[in-house]
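Enquirer: Below, each chain spelled out in residue letters.
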Amino acid sequence: MSKPKLALYWAASCGGCEVAVLDVAEKILDVAGFFDIVFWPCAMDFKYKDVEAMPDSSIDLCLFNGAIRNSENEALAHLLRRKAKVLVAFGSCAMDGCIPGLANLTTREEILETAYQQTPSTLNPDRVRPLTQFTAPEGELDIPKFYESVRTLAQVVPVEYFIPGCPPQPPQILNVMSAIMQGAALPPPGSVIGAGDKTCCEECGRPRKEKHLKRLYRVWEIEPKAEECLLDQGVICMGPATRSGCGALCVKANMPCRGCYGAAPNVTDQGAKMISALSSVIDLQEPAEINSVLDQIADPAGTFYRFSVPNSMLHRKQPSA
Amino acid sequence: METKSNNFEPRIVGFLCNWCSYTGADLAGTSRMKSAPNLRIVRLMCSGRVDPSFILRAFQLGADGVLVGGCHPGDCHYQEGNFKALRRVLMLKRILRQFGIDDRRLRLEWISAAEGEKFAKVSTEFTEEVRALGPLRLETGVLAQSRAEELATQEVAA
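From first to last, the protein sequence lines are chains A and B. Residue numbering for the first sequence follows the numbering used here, beginning at 1 and increasing consecutively. Residue numbering for the second sequence follows the numbering used here, beginning at 1001 and increasing consecutively.
Do not take every clue at face value.
What the hints assert, rightly or not - Straight-line distance between alpha carbons at most 30 Å, and here's what the computed DSS-like set of lysine-lysine pairs gives:
(1) A:LYS211 to B:LYS1093
(2) B:LYS1093 to A:LYS214
(3) A:LYS27 to A:LYS252
(4) A:LYS198 to B:LYS1121
No lab work stands behind these hints: they were computed from the structure.
Whenever a hint applies, use it, and build me the whole structure from the sequences.
Expert: If you want it as structure tokens, here you go:
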């Protein structure tokens, strides 16, 4: 019997998800033994045309990490959707947009202006900008088009499953892979897999008290006590709005949860949920006093939606009228 | 809906608390006070029940403005639900600005059960303010734009 076929792809991502897959350590050999890996640009030499030549629905499982930022990401999302039976949005970028998705708080033009004009090390008097087509002496060159907005994988093609995390934690990846290799029944399409079904607070273990916040701290302004809830101490911890599954790694290193596992179960908008939670525990009633505490949040959208701007209800900054 | 502001009728969603603001709106009605008909009211037990995601969902589904109405400070039926609403609205306004949405589209008002007149005034005034800001158009929004961009790219490639 032929082995099931596995594909892994990276779109707009940092490569951390690929490292996380390899971080399952020697178990990767079991994965490689069980599956026939047919496409994995980060680790092995395959060409896009190899994938194009495969029959439709011939890949059993495709783990797709990275957001959709340009036309190449988008084309591969459509291609792999066609070729794969089960397409998984793997990691925060593919699921929620993640750090690349913060670009949705600005515009394409502002990004290009910064990258090609304003950075101190750039000298570009002719205002040269990337072209999607260019004729070189050796022939015609094509490069992908840089889109106005970053999208999640599911905003471009239908997706069966979501594995959250920046990156997904290796034990969780292993759980998913072992379940598949043991032939476990697949959960209903649309499910989040390789994660918990509570909030990050459930895995944290620090005792929680009734909260009465009068000021907030950024992480460098305070050395939080290790045995007290970080939010109790005025450090913005995304735990209450974030899905469990990571094992509360950051909190165990005395750093607040930043929210990479995405919205908690049954929450549509992670940032809105955090605003709700934080507003409930600030113990002030005068608008001026409240605003002076809110001034201590340097970048509210970047804090509450650090990993989820494209998948939020507002999706991106509105074009100015 | 028309783009031109003279043909534009703002759609406004109002989340009003059961004990004060909704009763105030009721009083405006039974007293036959005139006010703009643009406000669609959702009654909640307390302004503290208004989760920020309700407000974002209203904008996402086509609201041009959102009004949150609660009891005056000190009058909340549940002690301090209205202060939660106040903090949420102040925080959400900052988020809206970062997402390029004019924060005047979100308004918080304290309206008591006796203030029918204030309700009528606020709803008319807010309607005119949102009318001046123009349509928000979030529902046809940015994902549709992304899709158009994607199709345009495919045409060029073909």
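Enquirer: Now look at each hint and say whether the structure bears it out.
Expert: Hints, verified against the model:
For the suggested pair LYS211 (chain A) and LYS1093 (chain B), the alpha carbons sit about 23 Å apart, so the restraint of at most 30 Å is met. Annotation: proposed proximity of LYS1093 (chain B) to LYS214 (chain A) holds, straight-line Cα distance about 20 Å (limit 30 Å). Only pairs whose Cα atoms come within 30 Å are accepted, and LYS27 (chain A) paired with LYS252 (chain A) is accepted, the gap being roughly 26 Å. Of the supplied pair hints, the one linking LYS198 (chain A) and LYS1121 (chain B) is violated, its CA atoms being roughly 45 Å apart against a limit of 30 Å.
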